[in-house]
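**Student:** Going down the list, the protein sequences come from chains A and B.
For the first sequence, the working numbering begins at 31 and goes up steadily by one.
For the second sequence, the working numbering begins at 20 and goes up steadily by one.
Treat the hints as calculated values from the structure; they're not laboratory data.
For glycine and all other residues, C-beta sits at the position ideal for the given N, C-alpha and C.
Treat the hints with caution; some may be incorrect.
[Unchecked claim] Coverage of chain A stretches by chain B, computed from C-beta distances (three or more under 8 Å per stretch; other residues unrestricted): (1) 109-121; (2) 239-245; (3) 269-279; (4) 306-319.
This is what each chain is made of:
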Amino acid sequence: MKKGLAYGQNRIGRRLLGTLMVFLLVMLGSPVFARGSKEHRIRGEELLGAGATFPYPLYSRMFHEYGRLRGVKVNYQAIGSGGGIRQLLSKTVDFGATDAFMNNAEGILHIPTCLGAVVVTYNLPFAKELTARRLRLSPEVISDIFLGKIRKWGDPKISKLNPGVSLPNMDITVVHRSDGSGTTFIFSDYLFKTSEEWREKIGKGKSLNWPVGVGGKGNPGVAGLVKQIRGAVGYVELVYAVQNNMPYAAIRNRNGKFVVPSLNTVSLAADIDIPGDTRVSITDTSAKEGYPISSFTWIIFYREQHYSNRSIERAKELLSLLWWMVHDGQRYTKALGYAKLPEAAVRRAEAIINSAVYDGKPIEFGR
Amino acid sequence: MKMRARYNGSENKIKLKEWLFRMVLTAAGVTIVLLLGGIFFSLFVKALPAIKHNGFYFIRGSVWNPQSGRYGIFSFIVGTLLTSFIALIISVPSALAISVLLSEYLPGYRNGRFFISFLKNATDLLAGVPSVIYGFWGLVFVTPVIRYFEELLHLPVYGVSILAASVVLAIMILPYMASISREVIALVPAELKEASYALGATRYETVGGVVLRYSASGIVASIVLALGRAMGETMAVTMLVGNSNRLPANILRFILGPGNTMASVIANEFAEATNSVYLSSLTEIGLFLFIISLILNGIGKWTVRRFAL
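With the sequences and hints as input, model every part of the structure.
**Tutor:** Written out as structure tokens, the structure reads:
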């Protein structure tokens, strides 16, 4: 307290104190009047969605266009695949979005919306021959690199795949994701299928126990670290590598062909038998020209649309939106760097959307 | 200063006001205690499944593998303690130097007032910079420098490392220490200093022997505050620490290489943790961090009381 001016004797001080007292009283007393409600209510005119960050740029564009065309607003929060699944399970959203399909999907439908790919990017400034052509890698070599068994670029296993390229004998610095992510899931799913050692030691999932390397936060984090560290190797979504002008490897697929990742080869990877519920992993695809580390990304929603006091109109709006996304909405994929759904996948998605019910009865919605 | 006569109410009115005032203050105090208890309680309840599942392995194990269900945070504990304490070692001398400069030396100069306010504002501004900005700045400016040294010492070149996080943390916690120490040092009674000079002590001897000893308890309190801040710092650390769970035996390699901290792991993995034991283990880390902060605060208070004159 300043010398000579007791607060009680200062007029302004007293007023301030009085206001503070009232404020505190209101603050402490207000919870008494809050209404607690056990029941979730999905209110409002907007459709609510949450989930994966990978397709966010595409969904953002799609929802904007859909809003202009049909006047229906969609609010999508890119909180990650896990968050999307959690929100759908707590029945607080109309739909979720995830890069990894759910294993226990009681009553939950999956439809694919587009395709993405994970590429292996690297930083090799001294290999001049690599500017003209790409580094070639095989699943065994990728697994060994990320397990820490191959530690230098000069290793014969790498040079065997790349004849005519003199790779510098630099240390390999592995860069992986520090946060849980669908990209990690897709990458590890591929290695899970193609490498027994990986399957035993690491497994597949969104967060892994990486034996070597540094972690970057998000795709931009990994891309940034690979760009900064000479001799680094990491995995990112195709879109990021393209946008940041980073080199990425051609990977030998199941048929022995070294496939360069592109929108075309990613779409080709999905050219296989797709099961009715569309829950299929297309990594290590059997498609002849397909890029082996590709994956669908899904939108998940309830088969029984009557939950959390949602109206039938809302259910109709949702189904119309989903129908549009797998048909007309696909035209926005290419410009943003995503691969569009092949015909077979679209047919499956149509059947699934048609199978949604409200109070057990099929829903008539506008296509 | 005018003394206003109390014509504006009877004695009862005054008594009511006083009582009300006391009640509101008590309520505010009680709310804070309840909040703290509530945080601890909710953390504990959510972490219970993990506590049962992990047992003591949690603290001594260094394998963090959500796929196989093994959750050991030893490497995170080491990383947290290392980054926080190295940050302290780096920033305490600078903070002390700034506070002594601002309160003891600069006031004596002719244009001292300008420099005092400039330095004061500059230091306080450091506290206002968002965490993420510190992270970006560290990535762009600090990591290349560390890479240079790693190459020089023939160590694997990463850049992002415990050291990178520590350096940026040091800058982040500097303003907290500097501003509190500055205020405490300014409160040293002039009589004590004058007595010291009268006995023939030099400027250096007075500052070291009288000023700093008198304000030691306040300075220690500010260090404890800064340490608590450093341990809980998430965003900047997670961008700079390298996010690796390794535990090399050589301490130099560890500092100049990637590591991980408790806050960083929680921030990174919480959003995608759908498995309930996984989520619960992350909450257990939070509980642990909470308890460590409480312990450190307790130690700080004890130290303050020990050194108080």
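**Student:** Run every hint past the structure and note whether it holds.
**Tutor:** Going through the hints against the structure:
no., hint, result
1, 109-121, "holds (count 7)"
2, 239-245, "holds (count 6)"
3, 269-279, "violated (count 0)"
4, 306-319, "violated (count 0)"
The structure shown violates the earlier hints numbered 3, 4.
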